[in-house]
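Asks: Residue-level listing of the chains:
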Amino acid sequence: MGQYNALNIAWNALRGHKHWQRAWRDPEPKSNYDVIIIGGGGHGLATAYYLAKNHGITNVAILEKGWIGGGNVGRNTTIVRSNYLLDGNAPFYEHGMNLWRDMAQDLNYNVMFSPRGVMNIAHSKSQYDTFARRANTMRLNGIQSELLSREEVLEREPIIDGSADTRFPVWGGILQPDAGNARHDAVAWGYARAADQLGVDIIQNCEVIDFIKQGERIIGVKTNRGDIHAEKVGMAVAGSSSRLAEKLGMRLPIESHVLQAFVTEPYKPLINGVVTFGAGHFYVSQSDKGGVVFGGDIDGYNTYAQRGNLPVFEDVIAGGLTMMPCLSRLKLLRNWGGVMDMSMDGSPIIDVGPIDGLYLNTGWCYGGFKATPASGYCFAHTIANDEAHELNKAYTLDRFAKGYTIDEKGMGPYPKAH
Amino acid sequence: MIRINCPYCGEREHSEFTYGEDATRTTPDNDAPMEEWNKFVYERANPAGEHIEYWHHAFGCRAWLKVQRNTLTHDISWVGLPHENPEAAS
Ligand SMILES: Cc1cc2nc3c(=O)[nH]c(=O)nc-3n(C[C@H](O)[C@H](O)[C@H](O)COP(=O)(O)OP(=O)(O)OC[C@H]3O[C@@H](n4cnc5c(N)ncnc54)[C@H](O)[C@@H]3O)c2cc1C
Ligand SMILES: [Zn+2]
Numbered sequence: 141m142g143q144y145n146a147l148n149i150a151w152n153a154l155r156g157h158k159h160w161q162r163a164w165r166d167p168e169p170k171s172n173y174d175v176i177i178i179g180g181g182g183h184g185l186a187t188a189y190y191l192a193k194n195h196g197i198t199n200v201a202i203l204e205k206g207w208i209g210g211g212n213v214g215r216n217t218t219i220v221r222s223n224y225l226l227d228g229n230a231p232f233y234e235h236g237m238n239l240w241r242d243m244a245q246d247l248n249y250n251v252m253f254s255p256r257g258v259m260n261i262a263h264s265k266s267q268y269d270t271f272a273r274r275a276n277t278m279r280l281n282g283i284q285s286e287l288l289s290r291e292e293v294l295e296r297e298p299i300i301d302g303s304a305d306t307r308f309p310v311w312g313g314i315l316q317p318d319a320g321n322a323r324h325d326a327v328a329w330g331y332a333r334a335a336d337q338l339g340v341d342i343i344q345n346c347e348v349i350d351f352i353k354q355g356e357r358i359i360g361v362k363t364n365r366g367d368i369h370a371e372k373v374g375m376a377v378a379g380s381s382s383r384l385a386e387k388l389g390m391r392l393p394i395e396s397h398v399l400q401a402f403v404t405e406p407y408k409p410l411i412n413g414v415v416t417f418g419a420g421h422f423y424v425s426q427s428d429k430g431g432v433v434f435g436g437d438i439d440g441y442n443t444y445a446q447r448g449n450l451p452v453f454e455d456v457i458a459g460g461l462t463m464m465p466c467l468s469r470l471k472l473l474r475n476w477g478g479v480m481d482m483s484m485d486g487s488p489i490i491d492v493g494p495i496d497g498l499y500l501n502t503g504w505c506y507g508g509f510k511a512t513p514a515s516g517y518c519f520a521h522t523i524a525n526d527e528a529h530e531l532n533k534a535y536t537l538d539r540f541a542k543g544y545t546i547d548e549k550g551m552g553p554y555p556k557a558h
Numbered sequence: 363m364i365r366i367n368c369p370y371c372g373e374r375e376h377s378e379f380t381y382g383e384d385a386t387r388t389t390p391d392n393d394a395p396m397e398e399w400n401k402f403v404y405e406r407a408n409p410a411g412e413h414i415e416y417w418h419h420a421f422g423c424r425a426w427l428k429v430q431r432n433t434l435t436h437d438i439s440w441v442g443l444p445h446e447n448p449e450a451a452s
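As they're listed, the protein sequences go chains F and A.
Mapped onto our numbering, the consecutive letters of the first sequence carry residue numbers 141 to 558.
Mapped onto our numbering, the consecutive letters of the second sequence carry residue numbers 363 to 452.
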């Protein structure tokens, strides 16, 4: 299939771009694999890649009911950061940052990782104090952070309303300078192509309908393309986790919620980094194509409808216009929704079991894009070794029963609040 | 667009209501085993399809209502008071 490089591009250009080969194969499913990964989102694809690359397990199939990248990995607002507080989370996400930095080289695919900085705005002294605590905690965990004065905030993003009579005047901010954005589709395609090159079968239009059990052990799955057996079955289906768990008679500490996102027509450079409003829920960045991409809260009721409703739409826009009034002049191009696997403490689950032969990857809430590399890395380790990696050992399923929840926001078991 | 036909106020739009939770969960006895409490606090049915749930008419009459909603389509097929149940469920 060949490497992507400048020479290759020039050579293909000379031949009229008529001889590029497909980026990954389209194999028929075999009847037997060492490992099956259900779900061809970012997490499933990354898991398969690291299984092959780090653990030498290449007899792997990814089963995707639609097309790869058609789920949340292709629907998110692409913010990549690691500004977490709690011990269970911080090292995991920071390891992810390290993987993001080298991802394009590692996968030989331009994922357009752009560490343009993630800046959160504070609107009061007390909010600024909590940001100072966060900044200090991040530094103790070896994560870059800076506190910004009001002037520094406005200098970084001149279109923020800096007037004194705005409803929520800017007090200051916190910056993670090495955080930013990546191109979401490219992440899916890059992992897919790299995994395929190592021998992984990517099987699209293949929906897992049920599990095949032998005694108490899972030994394969039933799909619309026939039965497929495997020694180990990993589940990475994000918002569909409860629906698959139901086939096993299991209930998960998960609720599915819809999150909406928005993009405007392309404009000249307007917003330099990622910015979040501190007096409501609004986050925004500008894509390399010029579209202003933004989002806010989840809709707040459990749903599988991949589209949201207007109250949240209005709320998001209101937050955005308060912070950056000039956005009112932009034309919205699209609005869409994705179904999120909201967990009961806002943190994910990467674990062995709870049934023999099954491995669980779920609970990413609406921050799972940034976790893609670390999640794949840790889930592959967990599947290969039948035990958690140091980085995901806190992400167990039984932490709820045991009282070891990882609740960054201190919200309790209310998924709509995380 | 979700609209809820409040038994007291009539049909009102989504933004007047806040979502509560699954209305079919029942609190275990105080001395029930921990496992049951764990299930109650942390596990959710999270069905794809009909769901019976509470909504609060927060910006209206402030009553709690029971609502049957389809989680795949946003369709609301029944609204009642908290002690009532749709026919299929009762
Ligand atoms: C609007 C929006 C904005 C977001 N913004 C951000 C952000 O800025 N930063 C961030 O970090 N995160 C963000 N997220 C969250 C992030 O996108 C998700 O947490 C993450 O993509 C989930 O993991 P995934 O990529 O594996 O999921 P998905 O891409 O959803 O993959 C799951 C796959 O499983 C497949 N599947 C489901 N059931 C079956 C079955 N039975 N058989 C076979 N296949 C099946 C689905 O078709 C799907 O392709 C956002 C999400 C949304 C929707
Ligand atoms: Zn009412």
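Please keep in mind that the hints were generated in silico from the structure rather than gathered at the bench.
Honestly, I wouldn't trust all of these hints.
[Said to hold, decoys possible] Restricting the straight-line Cα-Cα distance to at most 30 Å, the calculated cross-link-like pairs of lysine-lysine (DSBU-like) are:
#1 F:353 / A:401
#2 F:170 / A:401
#3 A:401 / F:387
Being a predicted model, the structure only gives us computed values, none of them experimental.
Asks: Which of the listed hints are broken here?
Replies: 2
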